[in-house]
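Protein chains in written order, with my numbering: chain A, 2 to 202; chain B, 2 to 202.
If you are wondering where the hints come from, they were derived from the structure by calculation, not from laboratory data.
None of these values were measured; they are calculated from a predicted model.
Backbone N, C-alpha and C fix where the C-beta goes; we use that ideal spot for every residue, glycine too.
Mixed in with the good hints there might be a few duds.
[As the list claims (entries may be wrong)] Here are the computed lysine-lysine pairs in the DSS-like style, where the Cα-Cα straight-line distance is at most 30 Å: (1) 39(B) - 31(A); (2) 39(A) - 52(B); (3) 38(A) - 52(A); (4) 125(A) - 39(B); (5) 39(B) - 57(B); (6) 31(A) - 197(B); (7) 31(A) - 57(B).
[Unchecked claim] The following residues of chain A were derived to be distant from chain B, with all beta-carbon distances above 10 Å: (8) 83; (9) 136; (10) 179; (11) 190; (12) 196.
Protein chains: 2
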Amino acid sequence: MSKKIAGPEIERLVQLLARLPGLGPRSARKAALGLLKKRQELLVPLSDALKVAVEKIVECPQCGNLDTVSPCTICQDARRDQTLIVVVEEVGDLWALERAGVVNALYHVLGGHLSPLDGIGPEKLNIASLVERAAAPEVGEVLLALNATVEGQSTAHYVMDQLASANVTVSRLAQGVPIGGELDYLDEGTLAAAIKSRRRV
Amino acid sequence: MSKKIAGPEIERLVQLLARLPGLGPRSARKAALGLLKKRQELLVPLSDALKVAVEKIVECPQCGNLDTVSPCTICQDARRDQTLIVVVEEVGDLWALERAGVVNALYHVLGGHLSPLDGIGPEKLNIASLVERAAAPEVGEVLLALNATVEGQSTAHYVMDQLASANVTVSRLAQGVPIGGELDYLDEGTLAAAIKSRRRV
Chain A
2 MSKKIAGPEI
12 ERLVQLLARL
22 PGLGPRSARK
32 AALGLLKKRQ
42 ELLVPLSDAL
52 KVAVEKIVEC
62 PQCGNLDTVS
72 PCTICQDARR
82 DQTLIVVVEE
92 VGDLWALERA
102 GVVNALYHVL
112 GGHLSPLDGI
122 GPEKLNIASL
132 VERAAAPEVG
142 EVLLALNATV
152 EGQSTAHYVM
162 DQLASANVTV
172 SRLAQGVPIG
182 GELDYLDEGT
192 LAAAIKSRRR
202 V
Chain B
2 MSKKIAGPEI
12 ERLVQLLARL
22 PGLGPRSARK
32 AALGLLKKRQ
42 ELLVPLSDAL
52 KVAVEKIVEC
62 PQCGNLDTVS
72 PCTICQDARR
82 DQTLIVVVEE
92 VGDLWALERA
102 GVVNALYHVL
112 GGHLSPLDGI
122 GPEKLNIASL
132 VERAAAPEVG
142 EVLLALNATV
152 EGQSTAHYVM
162 DQLASANVTV
172 SRLAQGVPIG
182 GELDYLDEGT
192 LAAAIKSRRR
202 V
């Protein structure tokens with residue numbers, strides 16, 4: 002909105018919404034209008050939810066997860082396997098694994114991946130705290146569940162080196178054909194990994 | 002998130018974000034994480050902006066625009082052509098016209114279009130208030146700037162009928178080839194309209 006139409010308040014709302022991942026200027030305007038049209042059903046509840054988020058949601062000092070309790074619900078859950086730490090890049094990856102319900106262990110969120118060009122070196126990630134946790138006697142395995150991207154894998158290599166002195170097994174996710182995947186649509190790298198790690202049946 | 006991961010607060014935030022137009026469950030999770038990662042730069046300001054929106058932004062009782070003052074900035078602007086009322090479906094259409102800066106008049110926001118299947122009859126739209134405004138002696142023209150869709154045009158026809166008794170000129174937007182449009186990519190309806198409304202040069 003180049004001209005002043007409706008005061009700076011709506012404009013500011015649109016600008017902030019446009020900074021959400023996945024929204025551009027146009028969809029931010031639609032989102033703002035959607036909010037203002039559904040005042041009681043959406044605007045008021047979202048305003049309240051954000052207020053709660055500002056006041057209550059904190060990063061877990063132990064694993065880096067986001068939660069309203071500290072340490073987080075997962076770190077406090079004694080029914081989880083305390084011998085296995087699953088290392089992920091972002092909280093979203095932790096959510097993905099929890100949604101899948103495929104592992105019942107503790108997590109460690111690095112907070113991203115190494116990216117020298119963006120100035121993200123090891124000191125910007127939660128690597129030192131991982132090494133510290135891995136040294137605890139109850140921890141037997143650290144599973145590096147990082148993205149299968151160049152950045153994720155080089156971060157995994159760095160973390161692996163750092164864990165060399167800790168007395169733990171270090172593992173990573175298997176690579177290969179995704180379930181439901183059609184060979185014709187898969188890239189060469191995936192096919193090569195699937196061939197290389199082929200298993201006898 | 003089917004399993005309880007991080008308390009109900011984050012889950013509620015994701016659910017509300019997913020109801021914004023343009024966001025699905027997946028992008029809502031990304032948006033929620035983006036907010037929680039950029040606490041000071043994004044979460045806090047957006048929380049404040051929504052609080053302001055809840056407390057201050059109201060629908061203009063005269064034209065249906067959204068603003069923090071009532072009547073809205075546009076209705077109060079004496080430099081605008083008070084003889085022309087531009088009728089639009091939604092506030093977003095008003096914004097689009099204001100961004101383009103192509104008309105300096107008053108507006109009237111219907112709040113949607115007629116849609117009998119969705120139970121949206123004339124009484125759900127701001128049509129009665131338009132007829133009332135159009136009857137004022139200073140108003141000389143009502144421009145129906147409704148969408149060039151079937152719903153928009155049938156709404157335009159209905160509004161036109163309602164305005165028949167008012168002593169005003171009723172006009173609508175020209176239809177034809179959009180600027181920069183390539184004939185090869187235009188639909189038959191647009192081409193037919195462009196031919197029918199051709200102008201001598």
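Verification of the supplied hints:
| no. | hint | verdict |
| --- | --- | --- |
| 1 | 39(B) - 31(A) | 23 Å, holds |
| 2 | 39(A) - 52(B) | 14 Å, holds |
| 3 | 38(A) - 52(A) | 20 Å, holds |
| 4 | 125(A) - 39(B) | 15 Å, holds |
| 5 | 39(B) - 57(B) | 26 Å, holds |
| 6 | 31(A) - 197(B) | 34 Å, violated |
| 7 | 31(A) - 57(B) | 19 Å, holds |
| 8 | 83 | 18 Å, holds |
| 9 | 136 | 26 Å, holds |
| 10 | 179 | 17 Å, holds |
| 11 | 190 | 24 Å, holds |
| 12 | 196 | 31 Å, holds |
Hint compliance for this structure: hint 6 alone is broken.
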